[in-house]
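S.K.: Chains as they are written, first to last, in the numbering used here: chain A, 1 to 510; chain B, 1 to 346.
Worth flagging that the hints you see were computed from the coordinates, not collected in a lab.
All C-beta atoms, glycine included, are put in the ideal place defined by N, C-alpha and C.
A few of these clues could be false.
[To be verified] Listed next, with one range per pair, are the computed distances between beta-carbon atoms: (1) A/Ser54 x B/Leu331: 12 to 22 Å; (2) B/Gly225 x A/Asp315: 48 to 58 Å; (3) B/Arg230 x A/Val393: 25 to 35 Å; (4) B/Gly225 x A/Glu340: 44 to 54 Å; (5) B/Thr153 x A/Lys106: 45 to 55 Å; (6) A/Glu134 x B/Ala35: 31 to 41 Å; (7) B/Arg129 x A/Leu180: 52 to 62 Å; (8) B/Ala56 x A/Gly310: 57 to 67 Å; (9) A/Arg387 x B/Ser131: 33 to 43 Å; (10) B/Arg230 x A/Gly139: 54 to 64 Å; (11) B/Arg230 x A/Ser54: 21 to 31 Å; (12) A/Ser323 x B/Leu316: 31 to 41 Å; (13) B/Ser131 x A/Arg255: 42 to 52 Å.
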Amino acid sequence: MKILEARGIRKRFGGVVALSDGNLGAQEGRITGLLGANGSGKSTMSKIIAGVYSADAGEVWYNGRVVHYGNPHEARADGIAMVYQNLSLVPNLTVWQNIVLGAEEKTGPFLNNRQAREHARAIVDDLLPGLDVERIVDGLSPGEMQIAEIAKAISKRPRLLILDEPTAALELAQVKSLFLHMRRLAGQGIAIVFTSHRLWEVMEICDDTVVFRNGQTVATLDLEKDGRDPAKIIGYITGETARVAQAAYHRRENRNAAILRVTNLAQGTLLREISFALKKGEILGIGGLAGQGQRELMLALAGFYPDITGHVELDGRRLRLTSPAEAVRNSMLLVPGDRESEGLFLRHSLFSNIVFPKLGVRHYPLLTPFGKFREECRRTVDTLSIRTTGLDVPVRTLSGGNQQKVVVGKWLSFDTRVLLLSDPAKGVDVGAKRDLYDYITRRVREDGMSVILYASDNQELVDYCDRVMIMYEGRVVAILEGESITTDKIIESSMRVDSVREGAGDAAHH
Amino acid sequence: MQPTTRKPRWALSGVARLVVRPEYSSLLILVVMVAVATLLQRNFWSGPSLLLTIDAFGPLILLTMGQAVVLVAGTLDLSCGTALSLYTCILTFVMRTNQPASGVLAILITLAAAVMVGIVNGFAAGYLRVSPVVVTFATSFLWLGIALFLRPTPGGQSVGWFNAFYDFRNVSGLPAAIRSVSSFLPPVLILILLGCVFWYALSRGPMGRYLCAVGGNEESAYRSGINTARVQISAYVINSVFVFLAALFFVGQNQSGDARFGDPFTLRTIAAAVVGGIALTGGRGSIYFAIVGALIIELVNKIIFFANIPYAYGTLVAGAIVIIAIGGSQLYSGYSRRAMTRGRAP
């Protein structure tokens, strides 16, 4: 029986349309897979159903009536539970306290902790035998936290369970055990919506699948009837338009020597054994699904993780990634991904923002040559075509694109050997994006600057990169060169289509 | 499902786990402090001296217990000192020396005022979402203003039996058996025990857990279906009740109210709570250890007094000891947390 039917859902966030025509159904006892590229609207759709957001248009039918949830509690009371991508665990409580949080067992006015422990333990034992429910959440590994989060959702005995990328933090064995449990829950008549970026997982566990692209539902498939054909689903995810790739940047074969050599870089679970070389005058792209360690790799190279392990050589000299200041001294400059919190002093002026890094590396014991700085700043504004009414306006009043130019602009007068760009065009309009990339490609050609570019938009990687490195779960899994740099290839490598077969083969064994 | 006890590979033995709990470093400091105090003050452990010590330490202990509750909930109260003054003023404003029954009325009215104080602080911090530091700093002047209005100069009237909150022996009309209790169980200790019982009952219900959850991660707590604003209001109201208990003791002791004496307590309660292992960032700590923290802060002053350190150096040394106590417990908790997670596979 169909328990959920969402039709024609629209949702805007400010000027960004997250969903333009979202449709999603779920049936009791069946697992529905939700697929789509980054930013295609999957999470937004899930959150609308779970009551986190309300839809601008369209209707959600649940259990035979139209529902409008104002907050997650109302949805929960109706039997809709969601496992969030960013978890909802309280770090200072134990696993079992988290699982029962908000729905504690009571005897009279007092908590019945024994009953709560047993209840929590029973659920956790099914999901991950060996996880001690007495442990404080703070000390758990990401995978264990994810299991605790799932246990928490299940403990509320939902009729519709929405799992938003629950497997991203899990090891293969944990995924398998989660799948067994999902099957069991489905067997009890619970409807499950399962979001994952790993295609093989959807192929293995789901009965139906819904594909989102650019905020729209583009396909609804019954995997039993329509077959489990990964190529066809990839086609839906990428869409025909993606195949028409026009190269704005002419890729060149680069015979230069490597300027940056990274060997076995590792940081906990975020980065694992990363090795690559960046040539002089090269733009090396980093692609992959969101959150596979790309951002962390950029931060690591900029010296944000003092306890990182591995060997990094810049121009043949060992480079110690001990602090951001050290990276700046060695002319490895980062344009961070979150400009509002990492790249700018929003309330300060354009001038202060651009001048600030200079004050850190050079010392002016008596007088700071502000006149000279203003002159330089004016040149920066011209070079990058920053649209502003003056040098003294607060950066916060500029548009997103121009703010991003300021982040790049503050490094402009530095001798840049390696520029690290972490998703520089995110939330930037087309014109500003072009200005930005024009400037960067010019510096690469004329000054032989080397660039590592992480972009969440694959088209930018196709348009501007000489090589593209694909990351998956903190590892480099593929390096694409020359003709093989297409959005299709990037998505295929990101989703590890080759491992779909592995996964299927693995399932056949059991 | 058979609940089994298992031992994950990272687990420390039971004893080790007890020792590495961050709060326990404060116990160690306390033992050292008591030892030093014993050496300096020969009659430290004699009955009358101990009673005096408890009476002197009691108020800070009560106030720190209250501060601990709001700190655990992830907030802060900078108005507890002036709120304390306010309650003493209300009590002495309502009471009439020649009408013993007015004492009961004064207690009820003051308790109602305390609950109101908690609600005002909690509403502004929880619902209006103003920073707790700003809110309670501002309200501290409100309470001071009202207190000065009620009692511009120290004084006021109190009923005779109010002395029972300070010492049973001075209360006429009490049976001799009860009066003699005071020689080994001072009323302030009863108030503290009352506070402990009050907290114990609360922590057995959901509220104690919710305070920790809201202090640990407000967003997660909200998503788990907890009314986080109401939890914060409750924290401030519970805090007010502790401050109210301290006010009872003061009026019992002095038989008068004073609008200005409470304020210096405020920052000392926060220092004491931190020494007692309560995290300023919320979510961590125990109000029983707030007692330990308050004892340490008070013992510092006592030691300095008995060590015959000149006043000017005394405050300096007191400051240094507090910094060492706080810094030490922070280092220790960082170390113990690493010890507890060491060896865990990434």
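S.K.: Does each hint hold? Answer for all of them.
M.R.: Tested hints:
no., hint, in the structure
1, A/Ser54 x B/Leu331: 12 to 22 Å, "48 Å, violated"
2, B/Gly225 x A/Asp315: 48 to 58 Å, "56 Å, holds"
3, B/Arg230 x A/Val393: 25 to 35 Å, "43 Å, violated"
4, B/Gly225 x A/Glu340: 44 to 54 Å, "31 Å, violated"
5, B/Thr153 x A/Lys106: 45 to 55 Å, "51 Å, holds"
6, A/Glu134 x B/Ala35: 31 to 41 Å, "35 Å, holds"
7, B/Arg129 x A/Leu180: 52 to 62 Å, "44 Å, violated"
8, B/Ala56 x A/Gly310: 57 to 67 Å, "59 Å, holds"
9, A/Arg387 x B/Ser131: 33 to 43 Å, "35 Å, holds"
10, B/Arg230 x A/Gly139: 54 to 64 Å, "30 Å, violated"
11, B/Arg230 x A/Ser54: 21 to 31 Å, "23 Å, holds"
12, A/Ser323 x B/Leu316: 31 to 41 Å, "35 Å, holds"
13, B/Ser131 x A/Arg255: 42 to 52 Å, "58 Å, violated"
Checked against the numbered hints listed earlier, the structure breaks hints 1, 3, 4, 7, 10, 13; every other hint is satisfied.
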